[in-house]
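Once you've looked at the hints, dock chain H against the given chain W.
Chains W and H supply the protein sequences, listed in that same order. Under our numbering, the first residue of the first sequence carries the number 196, and numbering increases by one thereafter. Under our numbering, the first residue of the second sequence carries the number 426, and numbering increases by one thereafter.
I should point out that these hints are in silico values taken from the structure, not numbers from a laboratory. All of these numbers come straight from a predicted model, not from anything done at the bench. Hints are supplied without guarantee of correctness; some may be wrong.
Stated by the list, open to error - Here are the simulated distance ranges between beta carbons: (1) W:A406 - H:G537: 33 to 41 Å; (2) W:A418 - H:A535: 28 to 36 Å; (3) H:T520 - W:S530: 20 to 28 Å; (4) H:R1080 - W:A406: 56 to 64 Å; (5) H:R461 - W:R410: 47 to 55 Å; (6) H:G478 - W:S530: 30 to 38 Å; (7) H:A535 - W:A391: 29 to 37 Å; (8) W:S446 - H:A488: 18 to 26 Å; (9) H:R461 - W:A391: 27 to 35 Å; (10) W:H386 - H:G478: 54 to 62 Å; (11) H:R1080 - W:S530: 29 to 37 Å; (12) H:T520 - W:E507: 33 to 41 Å.
Unchecked claim - To be clear about the criterion: a stretch of chain H counts as covered by chain W if any three or more of its residues have a C-beta under 8 Å from a C-beta of chain W, and this derived list gives those stretches: (13) 519-531; (14) 541-548; (15) 551-558; (16) 1124-1130.
Note that beta-carbon positions come from the ideal geometry of N, C-alpha and C, so glycine has one too.
Take a look at the letters that make up each chain.
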Amino acid sequence: MTSDPTQHLEERVTAFRAAFERTKAAIERRIVGQGPLVEDVLTCLVAGGHVLLEGVPGLGKTMLVRSLAEALRLSFARIQFTPDLMPADILGTTVITAGSGERALAFRKGPIFANVVLADEVNRATPKTQSALLEVMQERAVTIGNETHRLEEPHFVLATQNPLEMEGTYPLPEAQLDRFLFKLEVKFPSHEALGAILDRTTGSEEPEVPAVLGRDDVLSMRALAREVPVPPHVRDYVVRLLEASHPEHPSAPERVRRFVRYGASPRGAQACLLTAKVRALGAGRFTVGLDDVASTLKPALRHRLILGFEGEAEGIRTDLLLDDILGAVPALDPSAERARGRA
Amino acid sequence: MSERPVDRASKQDPAPPRGPGAASERLDERLRHIERRIRLARAVAAATPLLVGLAAGLFCLGAAHRVGAISDLEARAVAILALGVTLATLLVAATRAIEPLGLAVAIDRALGLGGRIAGAHALARDPSPFAALARRDAERHAVRIDARALVPLRATRPLALALGLLAASLALLALPPRPRELATAAPPSAAPTLEGLERPVAIDDDTLRALRERIAARRERAADPEVDEASRELNALIEALSAHAIGERDALERIADLEASLDRRALARAEALRAQLASDARRMRAARSTDALRGALLEGRLEDAARAIDALARAPRAGPPARDLVENLRALAADREREARERALGEAEQEEQRLLERRREREARGEEPPEEEQRLLRERQRELERLRREHEARAELERQLDELRRELGEATSRMERERAGARDEASSTESLERAARSLRSRAREEASAQEMEQLARELERLREAIREAGAREGEGDDREGDEGRRGASERAGEGDERGARMRRFSLRAGGGEDGEGARRVGVAGDEGSPSGDDEGGEPEASARRRREPGVEGGSSGGEGSDGSGSEGSRSGAPRGEPGELLVLGGAGSPDGVLELAGGGDRSGEGRRGDGDEARRASAGPGAGHDPATLEQASARLGGGRQVEVGGEIGEGPTRSQVIRGAASRGFATRDYERVYQDYASYVEGAEERDRVPPGRRAYVERYFELIRPRVGSSEE
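For reference, chain H alone in the conformation it holds in the complex:
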């Protein structure tokens, strides 16, 4: 090897030899430095969303504290908790370990060092000279790494915004709550003294009088003994207060006792009511439609019960008994509500009257009514006015609701009557339709039979005319005599047989060959005729006359068989062999051939040839019928529809089109089968001549097995 590169290399690298351990330590130190930098960058990256969230949270907290929604203590606790969570997350991000080898690989890739750092790190304990060189080389590259450039720390705009928001939030938290809120807070009150509690309560006479009167009025109205008793106790308390015979503490205690007593009574009443409702619910029928109502009653949910009643009322399928029950319950509930409303209104009116009388009395005495009483009177009047308005509005609504309910009931009854009528009408309509179908069927059969008879008569007349014409020709020709007649008779026999074969063949032939087949039949008949110019000529002419391009199936079939009709009738050849197909074709390529079972012609042939049995036995095309008649009869009897099948003149798809089409449409076409056979035979030949490498033959064979034409190819 040339020494020149070695010399040049030694000049290029004059660095003194160093121990491998020192290089490794320096490299590790460098890696640790970059690792710290990465951790810091990771913490900064994690801090941005964390601080944004923290600042937003603290801002909300400060706002809540500012408006007094939360106390100082709560605000501080939540703030400290949020700060702690944030700091812990940042700490985890900053202290999470970084795999040194992964870091080295990342540095290599970032700086394009070709694995120097990672290799040196991985071979840190390898004592070989190569490993030492690798470490030294890596250290040489590592000192050039700028950690700041490699891992930049940038204070992003979101981070700055988050810090600003955080500062604002902390400032908001530090502010005291608003003064207004302080004023609304409970005023600091001096602790009540024993003397204050024992001092008699001084309530002004007017208030006591008003209270007394209200209680008296309540006692008059009260039918419930419990209410009466409670009112009495309250009255006694008022009397004691007016006599200044009771201290504040005693008064408060008695009021508390009275309230507790009232609560107990109210509770007992509520229990009794609930038990009553439950018993009502149990008495209700166990119907699914009343489940909701029953449940609501059992649980004492009157609002839900009312809604359930409404739902029952709206349910269209509710039967008469359930509807009656619902109506009764709803009326009951409405009556109770109305009574309660009227009672409240009456109480309010009485209260107003009392206040007005008292004012009049004072005015009569020349006294000025106390301000408290006037205020009470104004409130009562306002309350009364509101109750009156509500009462009127509710009464109006109830009236409208009753009206609507009545109309709904009438409409429901009307609908039920109409539904019953419609069911009767539908059954009668069905029976009428059945009768109509039967009549139409009979009419069709009748018309077919008549047409068949007319056709038979027409054919008989035609046969007679042909026979007469043949006899005339035979008499007028002396040269042909008996021998010729015998010969003609034999040829005619042969011609008949051949004609029958050709007819069958023509029936199987495709569209373009259909007319041709008819012509061939005509020629065969011509050879067999005594004159050489009668029966054969007529079918041919007939076929030519009646042939039309693109005629539908029934017509074409009739045409072909018509050409052979006269021949077949003489030779007695069977017509319409069972299972034969009527083959129709377009004028284009043979690919446009469409094969249809001769179902349409079957009926015509059956009636003509074999009578009643022919309908079952014959399946071939019709013979000896006018195509139009045959077609009509077929259409009527078969109940089918006529479809015009037309071909398109062209050369068919090219080989490449066939192959491409097979790729998209599948391997089940006749064209593709032909193309495949060509290629498969070529491949077989190539394999036999060793033109396919032995190692690839299996692939080729497998490939051709995969693209083999499918079973259904002949059907297309």
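This is chain W alone, in the form it adopts within the complex:
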């Protein structure tokens, strides 16, 4: 260690980057052709948010989460959401214990107390159960009776849902979708990736994922990410992007005005900027750039735009609207630029 603070900080940033790359490489030993997805999931983990994974069955969503848990040396729990799943099945329940001759009530923790929780097919549970999960995600604590149980950090929930099967499901309301930092779409793998998947999964040996990151590492990375400074023009860019997602705002593009009922919440801007910090650190940079913001805009806001009836009826995808926003909002505010020029 050296006494120079910048030298020490630079070492931490370098270590951050290396840890990030190591974890990604470890997961990609099992998950093929989903590099950007793995990177986004890790970004969310480091930013301290939860992820909603959406994709058709068979694309490796559950495998990805399992691999992540193995790579992180963290406790892992999987909850298969079904219509008859009850909140107590997730949160835990009070049971009667008979220790030392006396009976007593004791709280038995549910799977939600694990560090990494896979909520598989989250939209198959009833709204009551979904609410229980999402409350915990937000508060990071479980209250049973008069007793509040804090969840151990890091607490990372990855929920999956299938966009095709709608019968018998309970889609997450927009307010609850807002709890997820990122909504990631699991794409179909490319031709080459598909071949590699077949090679790896039909052989006799299943690739193992080494544990490369511990609990302290994750918490340290989270702390470092929050220290990254944001230049004023980048923060201003995030604000203007968020404003443009609101149909009543003058800077909103035409399609946003037509199809969007409500724009993204401030939590969306927080998600965008926080994950942009992680992106910058992951790329070995010390400040957030405009491109970092642009790259996190879609996963951070795609589930926070609430479409109007026309948008729903037309089948408008929010990614299309976010592309419009990115195209319409200039990187630098022209009015601020003029003011700086005058100064």
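Just chain H, lined up with the frame of chain W:
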């Protein structure tokens, strides 16, 4: 966290620690360097079109200067002005400020630095270690930036061409004007001295004589006293010159006075003429067609006045008084022009004669005519020849114009007469057409009445024949006796009622069911008949005989009602109930049903059943008529046209076709209504069974509300 990456990182970057301020300054210096480079590039980019324009302008300027169109001073002033404007523009382009943050963002994007430069620039005053690291990182990347590669300065081909053209233009400007132009310029003359001005003017005698003679001739011709006076003054001046009694200055002064006097007189004459024209214009009638002429006369524009007169002459709607006025004015103008031309010709001829006489005199004296006089004579002859040619050509044109004008007048008169005749003819044609329409209408009514009477007679004969046949059958059958007859009579009554109901039903039924309806009527009649084989059988046979596939509306309606005709006449059931529809159908699916109001049959039923009142009261299909007759009568009375309605045999559209068709044609079809009901009931059931998520029910209900069948669906 593992320490391995940290160690490796420290080995990778052995650069000594530096102060954040130094890194920031170096970065700023680097940015300023790139900014200067960008300004230069911007100036070069702006210079290309500017220099092209400047060079072209200077080239034109040099050419104008070369041919002497503009002076040296003007050329230099314009050239300096153009150069100044160009340089000022280039200066503005080169010195216009560049926003440093914008520049940093542009550099980041151009080199893929991920916002390093912009971030470091924005955090220049941030004392945090992160900001210091960012500045150092940016500085590390900035030193690798090659400004020449980032902002290349290339002398483009247009710029080189512009510079070449500019050089050529400047060279052209530097050249002196062409010598020929210098020669044609006014020669430098010595300043006139007082002695020279006072010296008597020496003009040769021949010139003075020629002048004198010309003035004398003018005085002889002149009727105007002003001309006479001016000629006298000029003559006095000539005399003074010939006597060498006047100096050059005096002569010039007197000439100037004379010219001023002539100008004043000419001005006074012009004023007088203008006043006269104005008074003429005021005297003209205040007609819109003469506005242009009046305006031209008031302002003294004779050319415009002549054009206005021509326009008036050409105007087809000009009335006889205006045309006369125009003709008179035009004749007046032509006469004046002709007089002036002849006067000029006469003067020229007299001048020629005088010159010829003088030459003869000189020849008689044995003198050689002076060269000036010969030249004057040749010019006069040429002038005279030209005037003669013009005069002849103009005379020929006037003659042709008069001829054309006369023909035009005759044609106009002829057209007016024909137009008056056509109006009379049109009114008589209309009255003839009205009479023809009335006659045709009466003929139609007459024919209809006759046909109706014939039909009534035919039906009466048929009824008698049927009655006789029934009586014969009843007498020949001993087993059925009175009881059977009574029973048959009761059944016949029931059959009549049922038959009437079935007839009405069959009339409402669709195309494929039309014939079927007629058969059912026949069966009902059969049950009710005493013999079980008379009236019912006949209508059925009749219906079968007369039924044809795809027959037009009138025919099908007649057929259906004909089957019930004999039954209805006996039972006294009302025929053609008001407001009933005649339902026709094709042979295909029920979807091909077309419902038409029975307007065509209405007339036949009315005449047959209820006499004169039936035309108003009955609206149902015809009964008891030959379909063909009924159809003809309907067609004639209704004045309509026959349309053949044919159906197409098929199973109709599929469910998916209906849904797709609704998307393009709208939600107002009967098929779509059926499909919608199926789905709507399914959705209601699904909602009740909680198969639709509660959060989505509003969407589903709203959606089905939007695609609900429209009101007009039953009409298709």
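**Request:** List in ascending order the numbers of the hints, as given earlier, that are violated by the structure.
**Result:** Of the numbered hints given earlier, those the structure breaks are 8, 9, 11 and 12, listed in rising order.
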